[in-house]
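Enquirer: Going line by line, the protein sequences match chains A and B.
Last residue of the first sequence: 110 (UniProt numbering), numbering continuous.
Last residue of the second sequence: 733 (UniProt numbering), numbering continuous.
No wet-lab data here; the hints were simulated from the structure.
Quick caveat: nothing in here was measured; it's all calculated off a predicted structure.
Wrong hints could be hidden among the right ones.
Once the Cα atoms are required to be at most 27 angstroms apart in a straight line, the calculated DSS-like pairs of lysine-lysine come out as [stated by the list, open to error]:
#: 1; chain 1: A; residue 1: K95; chain 2: A; residue 2: K6
#: 2; chain 1: B; residue 1: K32; chain 2: B; residue 2: K74
#: 3; chain 1: A; residue 1: K95; chain 2: B; residue 2: K552
#: 4; chain 1: B; residue 1: K469; chain 2: B; residue 2: K50
#: 5; chain 1: B; residue 1: K166; chain 2: A; residue 2: K30
#: 6; chain 1: A; residue 1: K95; chain 2: B; residue 2: K166
#: 7; chain 1: A; residue 1: K95; chain 2: B; residue 2: K189
#: 8; chain 1: A; residue 1: K10; chain 2: A; residue 2: K41
#: 9; chain 1: B; residue 1: K32; chain 2: B; residue 2: K331
#: 10; chain 1: B; residue 1: K501; chain 2: B; residue 2: K469
#: 11; chain 1: B; residue 1: K718; chain 2: B; residue 2: K553
#: 12; chain 1: B; residue 1: K505; chain 2: B; residue 2: K436
Covered stretches of chain A (in silico footprint by chain B; criterion: 3 or more residues with CB under 8 angstroms from a CB of chain B, positions within the stretch not fixed) [stated by the list, open to error]:
#: 13; stretch: 10-18
#: 14; stretch: 27-39
#: 15; stretch: 65-72
#: 16; stretch: 81-93
Glycine residues also receive a C-beta, built at the ideal position from the N, C-alpha and C atoms.
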Amino acid sequence: MAIELKQQKKGVIQLAIQGELTIYSVLEHKQALSPYLSSAKDIQIDLADVTEIDSAGLQLLMFLKQEAVSRGITFSLSQHSEAVVEVLELLNLSKHFGDPIVISADWKSS
Amino acid sequence: MSELDAALTVFAQEAEELLTDMEDALLSLETKPDDSETINSLFRAMHTIKGSSGLFGFSAVVGFTHEAESVLDKVRNGERSIDAELISVLLDSKDHTAKLIEHCLTQQEAPIPASLAAESERLIRQLTGRQTTDLQQSDDSVQLEIEGGGEISVDDNWLISLEFQKDAFRNGMDPLSFIRYLRTLGEIKQILTMAPELPAGDDMDPENCYLHFKIAFQSDANKQTIEAVFDFASDDCDIKILPPNSKFEEYVNLLNAQDDNHVKRLGDMLVQVGALTQNDVDHALQSQQAIVESENQGPSKPLGEILVERHVVQQPLVDQALKKQEQTKQKLASEANYIRVDATKLGHLINLVGELVISSAAMNLIVERHGLSDAGDVAASMNALVSSIRDTALELRMVQIGETFSRFKRVVRDVSKELNKDIELYISGGETELDKTVVEKINDPLTHLIRNALDHGIESPAQRLAVGKPAQGTVQLNAYHESGHIVIQIADDGAGLNSEKILDKALANGLVKPDHDLSQQDIHNLIFAAGLSTKDQATNLSGRGVGMDVVKKNIEALRGSVEIDSIEGEGTTISIRLPLTLAIIDGFMVGTGQDRYIIPLSMVDECIEMNANECEIDEIQHYINLRGQVLPYLRLGDYFHNQIADTHRKRESVVVVKSGQTKAGFVVDELHGEHQTVIKPLGKVFERLNGITGATVLGDGNVALILDVQGLIQAAIKNKSRPAPFLTSQRIQ
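With these hints in hand, go ahead and build the complete structure from the sequences.
Expert: Below is the structure:
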């Protein structure tokens with residue numbers, strides 16, 4: 001399972017997505033993440049270990065954000081990996097998600 | 001001076017043609033007031049006349065046409081609508097223009113007489129009266145307005161819109177890779193990622209693609225190159241690429257620089273300057289087609305509109321292209337599409353072609369006689385060329401009768417107004433072609449017959465209603481080809497001929513004796529006699545009893561015939577039958593004994609071998625039984641007093657010919673087949689020969705006679721009616 005449930009208490013759920021977030025895994029990811037949307041009040045997703053993300057993966061993140069907003073759930077992304085940041089920058093979506101992004105000095109400049 | 005005169009002649013001709021076109025256009029506007037092409041042609045006519053009059057300093061014409069032109073310009077731009085009243089004024093203006101031009105041409109130095117000047121003023125008042133004088137010219141500066149994406153700034157950027165379809169991911173597309181690749185061509189100034197149709201909850205399939213992008217892109221690449229980036233995705237993505245505004249000027253310049261020798265389609269023009277790609281145009285055309293199919297009615301949306309709606313091109317650019325297209329059209333329209341050729345040169349050419357046909361026949365004969373098989377191929381292909389040269393040369397003299405016909409629209413319109421009748425003219429067969437010389441000569445007789453139909457034929461609306469006919473009368477002009485002839489029919493649905501009245505008049509005039517023995521048809525034909533009119537009151541149109549005899553004389557002078565067919569109370573149909581008077585025809589050559597005869601191929605119905613089962617000859621009763629049909633016949637050898645005619649050959653053939661509804665069989669010894677025949681007129685001495693209309697020279701130098709089929713059929717019928725009891729050729733049951 002590429003999703004690790006790090007913490008779950010009082011409706012605050014901390015998740016970490018690991019490995020690839022691409023067309024090959026989005027269906028699996030969606031099925032794994034959907035249950036939380038009906039129960040949680042605050043979802044925090046750690047993207048530190050996302051090694052690869054494509055348009056489908058990005059679309060899934062957009063979907064989660066949209067669902068969360070419509071259900072009144074606080075939704076945040078954190079610890080963006082280099083791959084995620086590159087795509088968010090490319091598509092000018094950082095503002096859309098509105099989460100602070102920490103850019104590590106180790107990354108190649110994108 | 002003579003050069004100026006020549007120029008004036010051209011001007012006069014041109015002006016006359018333009019005015020005729022204008023009249024046609026105006027009359028067609030009465031039924032189709034929204035046809036922009038017609039309105040354009042009106043405008044062009046006035047514009048051109050104004051321009052050329054200016055060259056010669058005909059200021060009166062310029063002054064007047066200028067007003068008409070401005071009014072038409074407003075109509076063209078939709079600022080003024082065209083209605084019956086305006087059409088009427090414009091028709092008057094057209095006539096007035098003709099008068100002004102005539103005055104200028106004939107009395108160049110003399111000032112415009114007061115009556116013409118007053119008429120000019122009156123018409124100008126009518127033309128311009130109903131609108132405000134100071135209509136502001138619309139601002140020429142083109143407003144640039146760009147809409148697309150809204151939040152994206154587009155000043156000098158390409159605007160690329162990508163709408164991926166649901167299956168994009170499954171088909172292996174990753175929009176990100178396209179966008180990354182796009183960056184190699186230029187700089188992405190701004191990008192908007194959207195998923196406007198992203199469904200909620202379980203409806204969302206993460207493997208579907210819901211992503212849309214709008215990209216402002218700065219690049220020097222051209223549209224094709226940019227589009228090529230997305231080539232791979234074109235099936236799964238709706239791609240629209242809008243050129244930057246800065247490119248606009250470039251495109252406009254390119255558009256203006258396009259050569260204007262022929263009218264191009266809007267899409268092609270825009271593709272050529274690079275504002276659109278072929279893909280854009282194809283898609284737009286598809287959706288245009290789809291709209292037409294789905295709505296299944298009305299005119300389709302213009303392509304330009306669709307392109308702008310699809311955000312692949314800016315409105316001003318489309319406008320510019322349309323303007324350019326219009327300019328090209330106008331330029332082409334104003335440039336002469338015709339070459340004026342001296343008719344004598346044309347006649348000379350046709351004579352030469354005739355000689356060419358004869359000598360090529362001679363060459364064929366020699367090739368055949370010497371059995372030169374290798375020369376045969378060359379000869380055959382030359383033969384084919386010669387016959388197409390022949391056809392083309394003859395076509396040069398052929399004109400469509402439609403132009404002559406449409407002149408009568410005006411006649412009918414004016415006359416019916418004058419007579420307080422409601423008459424509609426229907427024209428059919430206008431594309432029928434005939435020799436120009438014949439067209440010129442048929443004009444007067446036709447005018448006379450039509451005026452007759454309008455005046456005598458059609459009753460007043462009240463009378464028509466009283467006998468249960470629609471108030472509107474109809475006159476129909478029709479033309480068609482029939483076996484080497486052109487038939488022109490003038491049919492009205494009026495009162496028809498009153499036989500008694502005609503007879504009374506004829507008796508009174510002493511045209512017929514009281515103890516006459518005339519058939520109904522003979523009585524009808526009396527109207528062609530001089531000095532007979534059935535109209536009690538002569539009008540300024542017709543009724544003076546001169547005319548119909550002249551009509552008949554004119555038509556007969558053209559080797560034609562005229563027939564009248566009338567049913568009292570239902571209408572009259574007059575059929576004029578004219579030969580196409582071609583110098584060269586396709587003939588069918590037959591022979592009896594040593595003699596050769598040519599039958600015009602168009603009149604040959606069929607050829608049958610005598611003694612076959614289907615065809616029997618009855619020598620005593622003098623008829624041919626052709627599959628149960630009785631036909632009169634003529635043994636050509638006997639008829640032309642050929643000496644060996646009495647010795648009946650074993651193999652005779654029958655050529656069945658027809659002229660109009662009548663048929664007859666010509667019995668001949670040999671069938672020689674088709675032959676290109678150059679008609680050589682016979683000398684004065686032979687003018688009265690029966691059954692022969694001309695001669696031709698064959699390839700071997702011999703002479704063949706061209707048969708007057710109509711005359712021979714009459715002879716055959718007489719021949720038959722003498723010994724045989726039947727009078728008509730009817731089927732034997």
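Enquirer: Confirm or reject each hint.
Expert: Hints and how they fare:
Under the criterion of a C-alpha separation no larger than 27 angstroms, the hint pairing K95 of chain A with K6 of chain A is consistent with the structure, at around 26 angstroms. A distance of roughly 18 angstroms separates the Cα atoms of K32 of chain B and K74 of chain B; the hinted pair therefore holds under the 27 angstroms criterion. For the given pair, K95 of chain A sits about 94 angstroms from K552 of chain B by alpha-carbon distance, which is inconsistent with the 27 angstroms threshold. Using a Cα cut-off of 27 angstroms, the hinted pair K469 of chain B and K50 of chain B is violated, with the two alpha carbons roughly 47 angstroms apart.
A C-alpha spacing of about 17 angstroms is found between K166 of chain B and K30 of chain A, which places the hinted pair at or below 27 angstroms, so the restraint holds. Taking the CA atoms of K95 of chain A and K166 of chain B, the gap is near 25 angstroms; set against the 27 angstroms cutoff, the hint holds. Only pairs whose Cα atoms come within 27 angstroms are accepted, and K95 of chain A paired with K189 of chain B is accepted, the gap being roughly 16 angstroms. Using a Cα cut-off of 27 angstroms, the hinted pair K10 of chain A and K41 of chain A holds, with the two alpha carbons roughly 8 angstroms apart.
Of the pairs offered as hints, the one joining K32 of chain B and K331 of chain B holds, with about 25 angstroms between alpha carbons and a cut-off of 27 angstroms not exceeded. Between K501 of chain B and K469 of chain B the CA atoms are separated by roughly 22 angstroms; this keeps the pair inside 27 angstroms, and the hint holds. The hinted pair formed by K718 of chain B and K553 of chain B meets the criterion: a straight-line CA distance of about 25 angstroms does not exceed 27 angstroms. Between the alpha carbons of K505 of chain B and K436 of chain B the distance comes to roughly 38 angstroms, so the proposed pair goes past 27 angstroms and is violated.
Evaluation of the coverage hint for the stretch 10-18 of chain A: breached, as 0 residues show C-beta separations to chain B shorter than 8 angstroms, against a requirement of three. Judged by the Cβ-Cβ criterion of 8 angstroms, the stretch 27-39 of chain A is covered by chain B as claimed, because 4 of its residues qualify and three suffice. With 3 residues bearing a CB less than 8 angstroms from a CB of chain B, the stretch 65-72 of chain A meets the requirement of three and the coverage assertion stands. Given a C-beta distance limit of less than 8 angstroms, the hint that chain B covers the stretch 81-93 of chain A holds, as 5 residues qualify and 3 suffice.
Figure legend: structure checked against the earlier numbered hints; hints not met, in rising order: 3, 4, 12, 13.
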